[in-house]
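Each chain, written out:
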Amino acid sequence: MTTSAFSIVHFEFLCWAALWTIGLSAIALVGGSLLGFVIALARISSNKSLRWASSLYIQLVQGTPLLVLLFLLYYGIAVFVGPTIPSIVAAGAGLTIYASGFLAEIWRGCIEAVPKSQWEAAECLALRRSQRMVHVILPQALRIATPPTVGFVVQVVKNTSLASVIGFIELAQAGKLINNSIFEPFTVFVVVAAIYFGICFPLSAWSRTLERTLNVADR
Amino acid sequence: MSYRFDFLALLPYWREFLWGVLLTLQISATATVSGFIIGTICAIARADGSPFIKRLVATYVEVIRNTPLLVQVFIAYFGIATLGVHVSANVAASIALTVNVGAYTCEIVRAGLQSIHRSQMEAAECLALSRTQIYWHVVIRPAIERVYPSLTSQYVLLMLASSITSQISAAELTAAANRIQSVTFRSFETYIAVGFIYLVLSFVVRAAFALFGQTVFTRRRKLGTAL
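Heads up: the sequence lines are chains A and B, in that order.
Numbered by the numbering used here, the letters in the first sequence go through residues 204 to 422 in order.
Numbered by the numbering used here, the letters in the second sequence go through residues 1497 to 1723 in order.
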């Protein structure tokens, strides 16, 4: 048996896997922001039980590791719907729940960071609650929310690596597969880390630029 | 749809759960303490070091913060082995988590250092405090006091993230769960139980940090408010 060294073929495979990482991040972000937005609104709703339930949800998601959530979905749900569920479904659902729990809390903070006078002014203009949200509060909250949201995208991209534990072939899992065949762990995982860095660093830098240009803190 | 929950099936394995909890706490406590020290030193170096040191620390922080912990754990575990030094999975896990949390601590403490106003240091200089005294009493302690809540959240996240080290067979809580579910075939119950244990742990760790903060930062206790 011959073991070959790390070659361009392996690199190509890693690049394909990186596309799955990006795809899975996109699924998690779309699902997570839809769900997270609803939960953020529930968190500041006037209904007490709604506030309580959304707060419980956030506590649950933020207080348990994503890894355990993924195992729970992958092995646990399979008990109900058949022998196994496709790993992309479990991974997509797990990361969506994870992203929604954190985004909800980030966005709640951003909505509440809109100055109190804006809420009061909207009320004085006899806007309904929904009108006040849509026309006055949310456009301003969006501005505040952009930098931390882009920052959180980096967390999501990094955490898609955990989907590898349930057999989803993304960047980290592709690295493991290559390592199993050529056994050069150090080279392989450094290359894998470099690709993650190539995806995440521009996002981090962008988040910092946004923070400066939108200049939220000094208003 | 006729699944019957049987949490009692897990009862005989309480000892393994307990060991998992202890090891999770041990690994995260090690990483928290050493990561805090490394992170604080890096933050000071980044604020006052030579240009080369500043660049070096900035690179360390960026590289760690923009790559997944899972990959870092693999590099630590296999990388150290490639160097010819044999370390156990638990040690490799602690090292990886330390390096990881050190970078995050550095960013947080740096924000704290930046929040200390220049006039504070000038005032301290006027009072003829030595450089070490200024650093300790006027810069570092108040800075850490200010960012203490952020540090707490970061260390709770670290405790949860330590579950990732189960992937290199560090024998912590998640690894214990993986083993138990493969013996009992009660995967659903096992992961629900473990999720609940992590939830309790995160509350306990948060409470411990709050208590620790109360005893260390007495000024906050007297004022009753954050600074």
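Note that these hints are calculated values from the structure, not bench results.
Please read these numbers as outputs of a predicted model, since none were measured by experiment.
Wrong hints could be hidden among the right ones.
[What the hints assert, rightly or not] Listed below are several chain A residues computed to face chain B (Cβ distance under 7 Å; list not exhaustive): (1) I211; (2) Q358; (3) K361.
[Claimed, not checked] Covered stretches of chain B (chain A as the covering partner; in silico rule of three or more C-beta atoms under 8 Å from a C-beta of chain A): (4) 1623-1633; (5) 1678-1691; (6) 1694-1708.
Idealized CB from N, CA, C, for every residue including glycine.
To see whether the hints hold, each was checked on the structure:
The interface hint given for I211 (chain A) is broken, as the beta carbon of that residue sits about 21 Å from the closest beta carbon of chain B, more than 7 Å. Taking 7 Å as the C-beta cut-off, the interface hint given for Q358 (chain A) is violated, the closest approach to chain B being about 10 Å. Against a cut-off of 7 Å between C-beta atoms, the interface hint on K361 (chain A) holds, since the closest Cβ of chain B lies about 4 Å away. Given as covered by chain A, the stretch 1623-1633 of chain B fails the check, having 0 residues with a CB less than 8 Å from a CB of that chain where 3 are the minimum.
With a threshold of 8 Å between beta carbons, the proposed coverage of the stretch 1678-1691 of chain B by chain A holds, since 6 of its residues qualify and at least three are required. Coverage of the stretch 1694-1708 of chain B by chain A holds in this model, with 4 residues showing a Cβ closer than 8 Å to a Cβ of that chain against a need of three.
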